[in-house]
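Novice: Now for the letters of each chain:
Protein chains: 2
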Amino acid sequence: MNPHEPEEIPLETSPTHTAPVRSFQPTSGSYGWDNVAVLAYKPADTHFQGITRQVLFGEAEALASELRYFEIEPGGYSTLEKHRHEHAVLILRGQGRVLVDEAVYAIRPFDLVHVPSLAWHQFRADADEPLGFLCLVPCDRDRPQRPMPREAAALRAHSVAGSFIKL
Amino acid sequence: MNPHEPEEIPLETSPTHTAPVRSFQPTSGSYGWDNVAVLAYKPADTHFQGITRQVLFGEAEALASELRYFEIEPGGYSTLEKHRHEHAVLILRGQGRVLVDEAVYAIRPFDLVHVPSLAWHQFRADADEPLGFLCLVPCDRDRPQRPMPREAAALRAHSVAGSFIKL
Numbered sequence: 001m002n003p004h005e006p007e008e009i010p011l012e013t014s015p016t017h018t019a020p021v022r023s024f025q026p027t028s029g030s031y032g033w034d035n036v037a038v039l040a041y042k043p044a045d046t047h048f049q050g051i052t053r054q055v056l057f058g059e060a061e062a063l064a065s066e067l068r069y070f071e072i073e074p075g076g077y078s079t080l081e082k083h084r085h086e087h088a089v090l091i092l093r094g095q096g097r098v099l100v101d102e103a104v105y106a107i108r109p110f111d112l113v114h115v116p117s118l119a120w121h122q123f124r125a126d127a128d129e130p131l132g133f134l135c136l137v138p139c140d141r142d143r144p145q146r147p148m149p150r151e152a153a154a155l156r157a158h159s160v161a162g163s164f165i166k167l
Numbered sequence: 168m169n170p171h172e173p174e175e176i177p178l179e180t181s182p183t184h185t186a187p188v189r190s191f192q193p194t195s196g197s198y199g200w201d202n203v204a205v206l207a208y209k210p211a212d213t214h215f216q217g218i219t220r221q222v223l224f225g226e227a228e229a230l231a232s233e234l235r236y237f238e239i240e241p242g243g244y245s246t247l248e249k250h251r252h253e254h255a256v257l258i259l260r261g262q263g264r265v266l267v268d269e270a271v272y273a274i275r276p277f278d279l280v281h282v283p284s285l286a287w288h289q290f291r292a293d294a295d296e297p298l299g300f301l302c303l304v305p306c307d308r309d310r311p312q313r314p315m316p317r318e319a320a321a322l323r324a325h326s327v328a329g330s331f332i333k334l
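Residue numbers (my numbering), protein chains in the order written: chain A, 1 to 167; chain B, 168 to 334.
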């Protein structure tokens, strides 16, 4: 059984960030923190593979933005999507590639990724280690959009994106 | 001459974050990124030692929050201050200690620090390596306050804070 299987872990928990300092506490190969719950990435019917989500800062601290940590298992990938809100990402561990708009970029620890408004994007972990990254979003944000059939066809036919994406 | 001397580096530059991916590019011992300027921590008349500031995400990305990277040289410290806005911090490198309110905490890579509204706080790097951390703040925020004479006297007399702070 894959320990990151999203059906096994909750999608939401109450915010419990109370201590001023919460120590980094990796467990069984995954990054983790004191008093930070490991959550499902998304509801199980969306298209992704092997991702967990941890909210490091957000509602519990009355911030306008949320700082989340996502960890993608080796070979896994995030949902291909777009939305009006922007992503500000800093890679914490592992290596992989990311599609932003119409280009694919290699990513390594501490690289920065900016996903502009309404840009298609998808993260993929390399095969040999987890890809972990911080992702900053506004608390008040729009829902992600998946490609409509015509958009999916255009992405599949794209010279760069076509061979990268998982739909 | 100390290469981190704040007088030698600018306090502001125009935002220039244009590429979707900006690579991590440490130089001469300091963390750094493509297209991210190394800035002075504060105007030179405030009380701190050996800090640089880099704005990783913010105005250039039209975000409501700014994600900054601060690097404190070995033995250096940030200004002791408080403000209404909160800090959400993730340590990236090095070790040190932080005062939050009336307690001092040891901090190591990837630890999380939350500074509540109006809590006195000061970061100090251990003597042997730089302390580098991400700090998230709202773009629209109040100015930091330094201790008034009576507050400074109370802090100096405090059983925990007194032996830690640099004023």
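Just so you know, these hints were derived from the structure itself, not from any lab. Keep in mind that a hint or two might mislead.
[Claimed, not checked] Selected chain B positions facing chain A (Cβ under 10 Å, derived; list incomplete): (1) R189; (2) V205; (3) L206; (4) F215; (5) E228; (6) A231; (7) A255; (8) V267; (9) R275.
[As the list claims (entries may be wrong)] Each pair of labels, with its calculated beta carbon distance range: (10) B:T194 with A:S28: 44 to 54 Å; (11) B:E296 with A:G29: 20 to 30 Å; (12) A:T27 with B:R264: 21 to 31 Å; (13) B:T194 with A:T46: 57 to 67 Å; (14) A:A157 with B:E296: 46 to 56 Å; (15) A:P74 with B:A319: 20 to 30 Å; (16) A:A153 with B:E179: 42 to 52 Å.
Ideal Cβ positions, reconstructed from N, Cα and C, are used throughout, including at glycine.
Novice: Against this structure, judge whether each hint is valid.
Specialist: Outcome of the hint check:
1. Evaluation of the R189 (chain B) hint against chain A yields a held restraint, the C-beta minimum of about 4 Å falling below 10 Å.
2. Taking 10 Å as the C-beta cut-off, the interface hint given for V205 (chain B) is violated, the closest approach to chain A being about 15 Å.
3. Checking L206 (chain B) against chain A by beta carbon gives a least distance of about 16 Å; that is not within 10 Å, so the hint is violated.
4. Evaluation of the F215 (chain B) hint against chain A yields a violated restraint, the C-beta minimum of about 21 Å exceeding 10 Å.
5. Evaluation of the E228 (chain B) hint against chain A yields a held restraint, the C-beta minimum of about 5 Å falling below 10 Å.
6. Checking A231 (chain B) against chain A by beta carbon gives a least distance of about 5 Å; that is within 10 Å, so the hint holds.
7. Given the 10 Å rule on beta carbons, the hint for A255 (chain B) holds: about 4 Å separates it from the nearest Cβ of chain A.
8. A distance limit of 10 Å between C-beta atoms decides the matter here; for V267 (chain B) the minimum to chain A is near 4 Å, and the interface restraint holds.
9. Below 10 Å, beta-carbon pairs count as interface contacts, and R275 (chain B) has one with chain A at about 7 Å; its hint therefore holds.
10. For the hinted restraint 44 to 54 Å between T194 (chain B) and S28 (chain A), the CB-CB distance of approximately 36 Å leaves it violated.
11. For E296 (chain B) and G29 (chain A), the hinted distance range of 20 to 30 Å is satisfied, since their beta carbons lie about 26 Å from each other.
12. Our hint of 21 to 31 Å for T27 (chain A) and R264 (chain B) holds, since their Cβ atoms are close to 25 Å apart.
13. Evaluation of the 57 to 67 Å hint for T194 (chain B) and T46 (chain A) yields a failure: the beta carbon distance comes to about 41 Å.
14. A hinted range of 46 to 56 Å for the beta carbons of A157 (chain A) and E296 (chain B) is consistent with their spacing of about 51 Å.
15. Under the hint 20 to 30 Å, the C-beta atoms of P74 (chain A) and A319 (chain B), about 53 Å apart, miss the expected range.
16. The given range of 42 to 52 Å is respected by A153 (chain A) and E179 (chain B), whose C-beta atoms sit roughly 46 Å from each other.
The structure fails hints 2, 3, 4, 10, 13 and 15 (numbered hints given earlier, in ascending order).
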